[in-house]
Amino acid sequence: MDFIRQVLVITRKDLRAELRTKEAINASLAFALVILVLFSFAFDPTADQTREMSGGLLWIVFAFAGTLVLNRSFARELPNDCLDALVAAPISGGALFLGKALANFVLVMAVELVSLPVFGIFYNVHWTSRFWSLLLVLALGTWGLTVIGTIFSALTVNIRLRELMAPLLVYPMLIPALMSAMQLSMDLIAGKPLGGENEIWLRLLVAFDVIFTALSLLLLETVLVG
Amino acid sequence: MREKIIYGLGILAAVLLARNLYSIFMQLPDEASQGMIYRIIFFHVPAAITAMLCAAVAGIASVSFLVTKNFKYDAVAVAVTEVGLAFLAANLVTGSIWGRIIWGIWWTWDARLTSALVCWLLYAGYLMLRQAIEEPTARARIGAVFNIFAFTDVPIVFFSIKWWRTQHPQPVFWGGGSIDPAMYWTAALNLLALILLAVVLTLIRLRQEEVQREIDSLRRYAHAV
Amino acid sequence: MTAVAAEGVWKFFGDYPALRDVKLGAEQGACLALIGRNGAGKTTLLRIIGGFSKAARGQVRILGCDPRETETRRRVGWIGHGISVYDELSAFENLSLFGRLYNLPNPRKTAMEWLERTGLERAKDGLVREFSRGMRQRLAVARAFLHQPSVLLLDEPFTALDDRAIAVLQRLLQDALVAGRTVVMSTHQLREALELATHVALLNRGKIAFHGERTPEMVADPGWVYAHYGEG
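Residue numbers (the working numbering), protein chains in the order written: chain P, 1 to 226; chain F, 1 to 225; chain S, 1 to 232.
For the record, the hints were derived by calculation from the structure and aren't laboratory data.
Don't take each hint at face value.
[As the list claims (entries may be wrong)] Label pairs and their in silico Cβ distance ranges:
1. L164/P / V211/F: 27 to 37 Å
2. G64/S / F131/P: 50 to 60 Å
3. P79/P / G64/S: 31 to 41 Å
4. H223/F / G8/S: 23 to 33 Å
5. T159/S / L8/P: 28 to 38 Å
6. G39/S / W109/F: 47 to 57 Å
7. P79/P / R37/S: 24 to 34 Å
8. K23/S / L161/P: 38 to 48 Å
9. A42/P / T108/F: 19 to 29 Å
10. V67/F / L161/P: 23 to 33 Å
11. W109/F / G8/S: 52 to 62 Å
12. V211/F / N38/S: 23 to 33 Å
13. D48/P / I102/F: 31 to 41 Å
Just so it is clear, CB atoms sit at the ideal spot from N, CA and C, and this is done for glycine as well.
Sequences and hints are given; from them, build the entire structure.
This is the structure:
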């Protein structure tokens, strides 16, 4: 129970700090909207084509916009050497990771939940037919994105050119998760249910989440301290 | 002593390669449907396998480094990854050439090629990450953690992309497809040759890494004094 | 029991030995001043003792245990080069946060107490980024002392402090020492540190050149240790 309490202390701290400045979340939201607009020039958003592409489009928006939030995750601990205080505090690496990942998850989900209706409006796509399943896929995909983004934020925290480096490292690693989320989202937006043909993608997504969450929980301490 | 091993293995690899090239070009007949170009498979497939072996060695070396903190494992990890990347690039290029001749296109997003490309990006990221960290201990540690993540992702990438699309010809050497024993044997020998080559290149790179570390430390000494 | 003990500590940056076979100790209730020129390795050593990085060889023990153990971390207070408090949070929020991280029974009450002890109670709801330098430093001190640590590790704590902050810190350190706590501080400010110190250690290019009790000569002439044990 101590573990959970500590996780929540970190989560609250990150959320409070972010919501006070709103720097990352504003940038992320703006970026998401801009990409949606840009895509409308790149692809002609007539109904059929867009529905086919929608899953892919959406997750590109989420991944790019999400990275803005995720990169800041450990970078926000650098001013004033706050990272030292966190490392010195009697919390486990796992709790620190989970706390930050949860806060990031909340922030990225918020951006996604705002982008989704905007996407529906801009591209005239009806995405609510399988609402709860879509929400589940959103959550699972976002968790995968968050886990990798958070641990890589820690990996690159002390590197110069951190802002450039993290995205280049994160995206290739995310490809299986993004692929699954795209496939599932496309099916769900088209009205198909979960299960059957796309069940394999659901399982892949869950496996991805579980494996990399476990790996990150184990390795955060090593990344920060050695 | 190490020099002798490098030379010895190098000569062995060269001899084996020469023998294989002779066999590939002179002795084996053209394949039924593909003609001349099929011979590229004797490099294409072994290169992929060699690259995979390199990735495995890098993964083990990374874990070993984190456990023992011994820098020689870090040197192995970076050396073998660089060599593996080269072989993977060879795999991609030979695959592309083959595809151009047979299918008329330079690139196709089929499962195998895409997976290979993604893995190439992953490990290229590893090298890029290392380059961005100046302090050797941190570089080794961060690199090792990233390598573990990358290696964990490799099988996931392969499976997911395989389920995504399949245009690649069915595996010629494993599962389905009948193959002339002479070709099988040549391919296996070429795999051995490429592995030997990989070992030689890794050892050379390893030596270079160690010398670089010595130079770095001497430089720090000089600054301190 | 020895509060802080480093034995045979080596630290390499690549192949370069930043710390060479360092042996250091501080008994409970002692105040050890770790002095040395820039680049001697004071911060490196202190960070290893604090558990921020690992020694390549050798052992570090705080209160008999590994510095990274949770119980040990609970009893160590750290002041590094930065103030380690969040600019976007208020002084009170910062201290409550650390109170909760350190599992204090009543974090908010303790936070208030320490704001008062460091003279920050009137600014308790102000965001740290609006604070003056001296206020930020006093908050950093509050953060380090908040959880009543048995061992305090301070990396050049007097550097760039204003007079009020120096006075607050000195008073708090004296109180801590009287209460039997242990202090290890690295410093350039020989005078302030030597006033408080019971023991002195000189680090020279990664090696301990002197480790012993503070003598009256040292207080009278802060450069005494360098003159007798330093190089050039």
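Ascending list of hint numbers which this structure does not respect: none
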